[in-house]
Amino acid sequence: MPAGVPAALAVPAAVAVAFLLLPLAGLLVRAPWRGLPRLLTEPAVRQALGLSLLAASSATGIALLIGVPLAWLLARVEFPGRAVLRGLVTLPLVLPPVVGGVALLLAFGRRGLIGKHFASVYTLPFTTAGVVVAETFVAMPFLIVAVEGALRSADHRYEEAAATLGASRWTTFRRVTLPLVGPSIGAGAILCWARALGEFGATVTFAGNFPGTTQTMPIAVYTALETDPEAAIALSLVLLAVSIIVLVGLRERWLRGALQ
Amino acid sequence: MTLSTMDADTSGLRAVAQVRRGAFTLDAEVTAARGEVVALLGPNGAGKSTMLRVLAGLLPVDTGEVVLDGAPLDDPARGVFVPAAARPVGLVFQDYLLFPHLSVRQNVEFAPRAQGASRAQARALADPLLARFGLTELAGRRPGTLSGGQAQRVALARTLAAAPRLLLLDEPLAALDASTRLAVRAELREHLSSYGGPALVVTHDPVEAMVLADRLVVVEAGRVVQDGAATEIARRPRTEYVARLMGLNLYRGTAGGGTVDLDGGGRLVVADAEAAGRVLVALRPAAVSLHTDQPRQASPRNAWAGTVSTVEPMGDRVRVTIAAVPPVRADVTPLAVAELGLRPGRPVWTAVKATELDVYPAG
Numbered sequence: 631m632p633a634g635v636p637a638a639l640a641v642p643a644a645v646a647v648a649f650l651l652l653p654l655a656g657l658l659v660r661a662p663w664r665g666l667p668r669l670l671t672e673p674a675v676r677q678a679l680g681l682s683l684l685a686a687s688s689a690t691g692i693a694l695l696i697g698v699p700l701a702w703l704l705a706r707v708e709f710p711g712r713a714v715l716r717g718l719v720t721l722p723l724v725l726p727p728v729v730g731g732v733a734l735l736l737a738f739g740r741r742g743l744i745g746k747h748f749a750s751v752y753t754l755p756f757t758t759a760g761v762v763v764a765e766t767f768v769a770m771p772f773l774i775v776a777v778e779g780a781l782r783s784a785d786h787r788y789e790e791a792a793a794t795l796g797a798s799r800w801t802t803f804r805r806v807t808l809p810l811v812g813p814s815i816g817a818g819a820i821l822c823w824a825r826a827l828g829e830f831g832a833t834v835t836f837a838g839n840f841p842g843t844t845q846t847m848p849i850a851v852y853t854a855l856e857t858d859p860e861a862a863i864a865l866s867l868v869l870l871a872v873s874i875i876v877l878v879g880l881r882e883r884w885l886r887g888a889l890q
Numbered sequence: 003m004t005l006s007t008m009d010a011d012t013s014g015l016r017a018v019a020q021v022r023r024g025a026f027t028l029d030a031e032v033t034a035a036r037g038e039v040v041a042l043l044g045p046n047g048a049g050k051s052t053m054l055r056v057l058a059g060l061l062p063v064d065t066g067e068v069v070l071d072g073a074p075l076d077d078p079a080r081g082v083f084v085p086a087a088a089r090p091v092g093l094v095f096q097d098y099l100l101f102p103h104l105s106v107r108q109n110v111e112f113a114p115r116a117q118g119a120s121r122a123q124a125r126a127l128a129d130p131l132l133a134r135f136g137l138t139e140l141a142g143r144r145p146g147t148l149s150g151g152q153a154q155r156v157a158l159a160r161t162l163a164a165a166p167r168l169l170l171l172d173e174p175l176a177a178l179d180a181s182t183r184l185a186v187r188a189e190l191r192e193h194l195s196s197y198g199g200p201a202l203v204v205t206h207d208p209v210e211a212m213v214l215a216d217r218l219v220v221v222e223a224g225r226v227v228q229d230g231a232a233t234e235i236a237r238r239p240r241t242e243y244v245a246r247l248m249g250l251n252l253y254r255g256t257a258g259g260g261t262v263d264l265d266g267g268g269r270l271v272v273a274d275a276e277a278a279g280r281v282l283v284a285l286r287p288a289a290v291s292l293h294t295d296q297p298r299q300a301s302p303r304n305a306w307a308g309t310v311s312t313v314e315p316m317g318d319r320v321r322v323t324i325a326a327v328p329p330v331r332a333d334v335t336p337l338a339v340a341e342l343g344l345r346p347g348r349p350v351w352t353a354v355k356a357t358e359l360d361v362y363p364a365g
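From first to last, the protein sequence lines stand for chains Z and V.
Note that the numbering used here has the first sequence beginning at 631, numbered continuously upward.
Note that the numbering used here has the second sequence beginning at 3, numbered continuously upward.
Okay, chain Z solo, but in the shape it has when bound:
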């Protein structure tokens, strides 16, 4: 312990470290290392893993397509109600995911506000597309917040310079704004992807728990915990590994660039 750190701060800090790390240590200690290859190659597990990767990546793709333009709008265009809108779009960050799932059902469900008009053609809940919608709903605000923050702190005079050189707002966005905040968009996309990968509450509420179509990794972990605890631990290990990879990736490749 470095000299000069008061015990009143050092002791609680040590408790916090233990509290955060002990459960992870428990996971590693109790992991069925020998059976791991067999557990992870089981069709059900591979199915859940594949579905999770597909859904999280799709959700991130959608979030990039519609979230980045929204972040630009919030950061660059003044319009009445902007502050309110900014608050509303980040609501899913603090909203309990289960509530998000219920809200999605009420909007896109068979008898939902929008869903009822399409009930005869297509229903979103309890499909893989539904998983993507639930994950996008919960995870996109992470991307929006990251990109909007980067846009607001970026020097907007570069955009003025582009304008004086005859560039339209669209050209300026493509050739100046996007490259300048690229690292932040990357960081936001990774955060968004990680959040989508771990999404449980909204997904299980809106899309249910059907192996192969809507049972993502977190849901599979929860389900396996009752029937096959060893499989649950193995799946948890995979999610832990993914989280660590994301963390390292963020540190090394994006966060530094985004902070510059």
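These are computed hints drawn from the structure, not numbers from a lab.
Any given hint might turn out to be false.
Said to hold, decoys possible - Pair ranges (Cβ atoms, derived):
| hint | chain 1 | residue 1 | chain 2 | residue 2 | range |
| --- | --- | --- | --- | --- | --- |
| 1 | Z | Leu684 | V | Asp64 | 53 to 63 Å |
| 2 | V | Asp179 | Z | Ala713 | 41 to 51 Å |
| 3 | Z | Leu703 | V | Arg143 | 26 to 36 Å |
Cβ coordinates follow ideal geometry from the N, Cα and C atoms, glycine included.
On the provided structure of chain Z, position chain V as indicated by the hints.
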């Protein structure tokens, strides 16, 4: 009206701008003829940069109008506002704002590309510019690796690549260190001379303004206080700020019968017996002589007593400010400082020949 006089009337820039920003108001008129380089000179916060933003289309006027080569760019009374991207106006920013993710070449090609030129067209346009500004060797470099002088040349080349009909430069030498400033200033003067269209340079440095521009427009607190040739402004300043910039003493007063009664008290004998009414009196500090005792004079002279308030070396001379009625700045030799024992608080006599006082009408 013949065609040629019509042309003379409408070509170039004419801007009358009123912009209110909280407590600050810009209310200024600036003109620049084709091929003329005009310096907008003024202290920080005078509204010079606001004027540039107005001309570039980054800020609309509240009232007034901006007309370039006869075409209105901003005229709220008629509902005209041409946005920055659609204006044939180039702006070189104070810190250049080169796009950091693009190479020197891509920066210079940015404007033609943004306006729809093909890759080959943009290249054909950029090549001669890169060559003219000595940037061919640096074409592949990123702006972050350039020196200040190089970055300034890229900024100018990038702006000229858009073929602007009005060129604006905001404190073009402010981002450079003192050692490169001189060389870049001379270089910039040449590029401005060969530009051909009207050019406006914003600066707070009078030497820079005089070297770069044909005409000076002095702005203070959002208003134009003086507009004219550099020599005229250097000789006959109209405000205390300009007088300080040009290193002159300036007095305001009422003339009559060969004397001027100064507003701040005191009376000066002047050589111009015709001068009458409200006048300004300019006096070079080097024309002031200092004495320990009241000087005895034969020729018409002014002499008044005061006390030294500051003594500071300026090159090979020493600038002495004297608290008196009227107050005066005098330039003397270091030898005189030693001989007269000049130091703050020391009583001195100030003497000025009537012929050294330049009297001209105020306002």
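For each hint, the structure was consulted:
no., hint, result
1, Leu684(Z) / Asp64(V): 53 to 63 Å, "56 Å, holds"
2, Asp179(V) / Ala713(Z): 41 to 51 Å, "43 Å, holds"
3, Leu703(Z) / Arg143(V): 26 to 36 Å, "35 Å, holds"
The structure fails none of the hints (numbered hints given earlier).
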